[in-house]
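Number of protein chains: 2
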Amino acid sequence: MLIVGERINASRKNIKPAIETRDAGLIVKEATDQVNAGAHLVDVNAGVFVKKEVEYLPWLVETIQAAVDVPLCVDSPDPKAIEAALAVHKGQPMINSISLEEKRFEEILPLIGKYKAKVVALCMSDKGMPKTADERYDIAAELIERLTKAGVPLGDIYVDPLVMAVSTDSSFGIEFLRAVRRIMEGHPGVHTICGLSNISYGLPLRKQINQIFASMAMAVGLDALIIDPLDTKMMANILTAETLMGGDPYCAGYLAAYREGRFE
Amino acid sequence: MLIVGERINASRKNIKPAIETRDAGLIVKEATDQVNAGAHLVDVNAGVFVKKEVEYLPWLVETIQAAVDVPLCVDSPDPKAIEAALAVHKGQPMINSISLEEKRFEEILPLIGKYKAKVVALCMSDKGMPKTADERYDIAAELIERLTKAGVPLGDIYVDPLVMAVSTDSSFGIEFLRAVRRIMEGHPGVHTICGLSNISYGLPLRKQINQIFASMAMAVGLDALIIDPLDTKMMANILTAETLMGGDPYCAGYLAAYREGRFE
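As given, the protein sequences belong to chains S and G, one line each in that order.
Numbering-wise, this note's numbering puts 226 at position 226 of the first sequence, and it's gapless, one number per residue.
Numbering-wise, this note's numbering puts 221 at position 221 of the second sequence, and it's gapless, one number per residue.
With the rest of the complex left out, here is chain S (with noise of 0.2 Å):
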């Protein structure tokens, strides 16, 4: 399971301020601790400045890599903020996110093979949100095929078929868990992603439906997941699911975990 650490986004109230003044110490504290909690990649999104996120960006990604050895994924709505961003990153990086949405193909397709880019294919198009799963696996499948002919490896792929709010609409959970399956079963090789907060939306207790959510979609087929790594519940449960799936010979990992005390 790769996890992408979600904590260094500027929408979050100690994270805005730490950007406007450079507080190194506050952003590389973020990702360490997050690497520290399990993340393989850590995302950083400044979305809401704007027209600064072409200097912040930047300056995120050096101060975090001078610290701490570990790929970024570049979330940003500005192609040319995510290119300054590329520009200084240290290793593989990932984009966050390309869609159907035919402007946004076509700013960040370059961006994608001039740097060897991991990508988030967003299930979204020019006619809006998919709601049902066959409206995501269409949408995927025209994406993954326009990725690939362009060159980009299957591999580096990461189709998040979008998570919309159970509570507007009781089916959106279930078409989720069945757009995942039928994109992992119909391009083997694809990953599939997603940040799930949004399935809980309007409902109380939006955690522990999260962790619940978390592990459905992990056993229909989910590889990579986007989320807040320093929520224990929610790693020692993506834990266990992984064991559950077959990804920890002899239970290993589960027992060194539990030995570790990462499940308390």
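Honestly, the hints are just simulated from the structure, not real lab data.
No false leads were slipped in.
Below, a list of computed lysine-lysine pairs in the DSBU-like style, where the Cα atoms sit at most 30 Å apart:
id, chain 1, residue 1, chain 2, residue 2
1, S, K233, G, K233
2, S, K233, G, K207
3, S, K127, S, K51
4, S, K16, S, K90
5, S, K149, S, K127
6, S, K207, G, K233
7, G, K80, G, K51
8, G, K127, G, K149
9, S, K80, S, K16
10, G, K114, G, K51
11, G, K207, S, K207
12, G, K207, G, K16
Small disclaimer: the values here were computed from a predicted structure and weren't measured.
Dock chain G against chain S, hints included.
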């Protein structure tokens, strides 16, 4: 989700003496508690007594049904004990279980027809316990074919793909999940059921593993569980997973359970 309450089992230390001393009060309380916690059927198992089962099982059925209006799941290795229990049962019973072991199949089949019972169809044959999803599916398909040919309605069949400990073979979780999916997709209208506690045998924090495995099994289509409904965390997980699977219009069941404090 169909919930079968598993607590009235003579292998549990308070149940065995209660049966021996005909302590109707304790038995009725165990049944009532389970129904109040959400059980749709109550399992009765007096298997530890061997020869006295034929006397104890009908007593359990009559004692419980005199006090609680609930169908029972009659659980015994002894066909004579099952028949004695079914003879006094009111409503549609469930038999736990038939299998593809030839002797067992021949003994249990007539009882299903005679008492119009639902039946747990255990994926076990004279070749032993199945290990892979394919082996489970083949046994399930043959059981379903033979049962339906004999006149058992497909919707009365609850296939149990047989949960085995992930600590003994790391593939046992994923092979079980694959089997559930194949059975549900290959035979629309049939049910799948399991008692899932075997999955965590030999590992620490078994309850957590069982709870996560339940939501994963629901994600691939499992629609019945034999569990302890007094495990409030398990029941909360199941309710949440049902909501996420689209079985809870407007999340009304989830919100009602939250207001009733059932997630605490």
